[in-house]
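First to last, the protein sequences are chains A and B.
Just so we're on the same page, my numbering is the position in the first sequence counted from 1, plus 1153.
Under my numbering, the residue at position 21 of the second sequence is numbered 5, and the numbers go up by one with no gaps.
Since the hints were derived computationally from the structure, they do not count as laboratory data.
Heads up, some of the hints might be wrong.
In silico DSS-like links for lysine-lysine, alpha-carbon gap of 25 Å or less [to be verified]:
hint : chain 1 : residue 1 : chain 2 : residue 2
1    : B       : K225      : A       : K1155
2    : A       : K1155     : B       : K377
3    : B       : K75       : B       : K225
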Amino acid sequence: MKVLAAMSGGVDSAVAAARAVEAGHDVVGVHLALSRMPGTLRTGSRGCCTLEDSNDAWRACDKLGIPYYVWDFSDRFAEDVVQDFVDEYEAGRTPNPCMRCNEKIKFAALLEKALALGFDAVCTGHYAKVLRDTEGNPELHRAADWAKDQSYVLGVLTREQLDHCMFPLAETPSKAEVRAEAAARGLTVANKPDSYDICFIPDGDTRGWLAERIDMKPGEIVDQDGNQLGEHGGAQAFTVGQRKGLRLGRPAADGKPRFVLEIRPKDNKVIVGPEALLSVDELRGIRISWAGVPIPEIITGEEFDCMVQVRAHGDPVDAKARMERSEGSDVLVVQLPEGMRGVAPGQTMVVYQGTRVLGQATIDKARSTSWDSSKVS
Amino acid sequence: MMNNSAVYLDHAATTDLNPAALSAMTEQFSQTGNPSSLHGAGRRANRVVDEARTAIAKVAGAHPTELIFTSGGTESDNLALKGLFWNRTEKNPLARSILVAGIEHHAVLDTVSWLEAHEDATVLWMPVDADGVLDLQAAKELIEEHHERIALGTIMWANNEVGAIQPVVAFTKLAAKYGIPVHSDAVQAFDSVPTNFATSGLATMAVSAHKIGGPVGIGALFVRRDVVLMPVQHGGGHERKLRSGTLNAVAAAGFAAAATAVHGTLVAESARLSELREYAVQNITRLVPDAVLNGPRDEDNAGLRLPGNLHFTFPECEGDSLLFLLDMVGIASSTGSACTAGVPQPSHVLVAMGRDARSARSVQRFTLGHRTTHEDVDILLEALPDAYQRAKKAGMAADESSIHTAGTGFTR
């Protein structure tokens, strides 16, 4: 196969490319330039598309004896990932920009260009598996190493996208093995630190970064009964489940910490309350996609057992899901018998059956039977 | 996959070492001696440098004392622009404007920007026409209106992207009327078209060795004998105190050998390359009707365009897609300019020529050199139509992907 290896400059993508080469594929390395200011230097372990990353990716390709190019997707990234991130926060939701990048950049803009230029697949260093059913349809599964598993951030991929994905790290028992393999192959990135946080916020200060881009105004912080407790500098800077930075002078009546329960950008209000009220029992998801051929219940609208995960490194929770079809838009309704904590609108819920990713939806509403937030005015 | 380019069409980026340069340098590499030393070994090294200086000056139509060895074109441009600016403003603090055109190489543009940001320089932008040639009338008007506050002017001899040869002599005449010194970046033009420093009217002229088959890492700045520059680099006082640093006798010998060898065949080579270029232009426009030649056509090699330069806009495709596809079949080309991280940027030259930023991304440059054959051009002609169709299908990076996802209305 002709394979395009997306090279971030990190150890995972370098080893993935090496394995693709070793498997006999015709591999070309491509580094994505996503920043509007390419060629800047890396600070700490953060940042992306820096000069070092580009050089590291080039060196890895040189070592592997494969061609290397830098392709510019900075315009699309700015619109589909960065602006989307700002818009979502502005609307009081909590987005996952890495998922959006996978959905729109790596496995859409890049994949489309790759296919047009004659490639059969895009290879990345993600820890996830693509398996085929008896009819050859792709299925997305968790990686062998659950600790490193990244199937969550790939949960947004569709059948069309999965058909052209290659994840050579799928069966790797651990990250340590990837580093050892990189060292054995003479790849200089073997000991490069993992990258964390959001690549386009180099100093990691998401709140400060948002404040420069969103027009925030002071507003009220109220409790679960609507009583005013204090003021905030802008509702959009808060996230559901957040405990720190509320700056409420008075302690709660029970002396226990308070958490953000809900953000209402329209009223510029932040609702806080005890930990117990963070638990939700029902999620309603929109912007749905299925990772491969949907299971029959999705078509029939019957309820089905599944596991739901709402963040990249969160634990999956038992759930019952059902497609609710209404005029114009479908909603994925998920019941959580044991409840789930700290769920924010805007987050992606990925639906699993065993190791298989069925699909995903963006959480539009999270409901709690113990507390009806609509009563807070 | 192919890693080395069988068909090398990027001679404007660099070209291979001329055999005469290789042999001259091989001879010098084993020799010891600092050209500034006073003993026999030093005198021997100094003779090598002196002979090189004389030979290169002769090729450039300059006096040997006018040649300052530098590390290359970029350093020469920096020394000329900063040196002229500082000298002029020292004499007249009010003369802080620099006449410059948007088609200049980054070595000039970024130096001028630096002077603007740090030395209170102001820029007077001189327009170019749709072919990338300096608008002399506009330049004249700018000079007449602002001559009292103009420190210097700069105009490249030939553009590195679209190959347009500039009216250097006519421009220096306009500037001379008001005593304005003019610098020229002649890196692409030197030893490709006649560049006579003595008759150019220029104050300074920058050239580089590796563009003509000399080694990388050496170049020269020609400085007219009556022109005073303030040095950028200080030290032992080498090169008329304009450029301190131990002289590189080995590289100077290589530079001189290449310059002399290339100069000897300049007329015949210019005719051969322009004929090959014309053959390519006719066939590229026939095989890819959408392709648009940028820069002056110059069918008869009348000195309007660098003889080996081909530069096209291939509409609605990314230059880097085309470069990739050609590279895959062993053809080396260029998209024009890339930043240090290797990211292709829209061509500032095309933007200066009035094209929009989007189409300025859809360009490809092919530069022919001494070893380019008819067969090389035929290989390009065979590969290009299919590569263009594919690159066009791959689309423009700024456009939204046609792959449907959850966000764009995903359907099962």
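Holds or violated: B:K225 and A:K1155, Cα atoms, limit 25 Å.
violated (58 Å)
Q) Between B:K75 and B:K225, is the straight-line Cα distance small enough, at 25 Å or below? A) Holds, at about 19 Å.
- Message: Just to be careful, I want the Cα atoms of A:K1155 and B:K377 compared with a cutoff of 25 Å; is the pair within it?
- Response: It holds: about 18 Å lies between the C-alpha atoms, which stays within 25 Å.
Violated hints amount to a single one, hint 1; each of the other numbered hints is respected by the structure.
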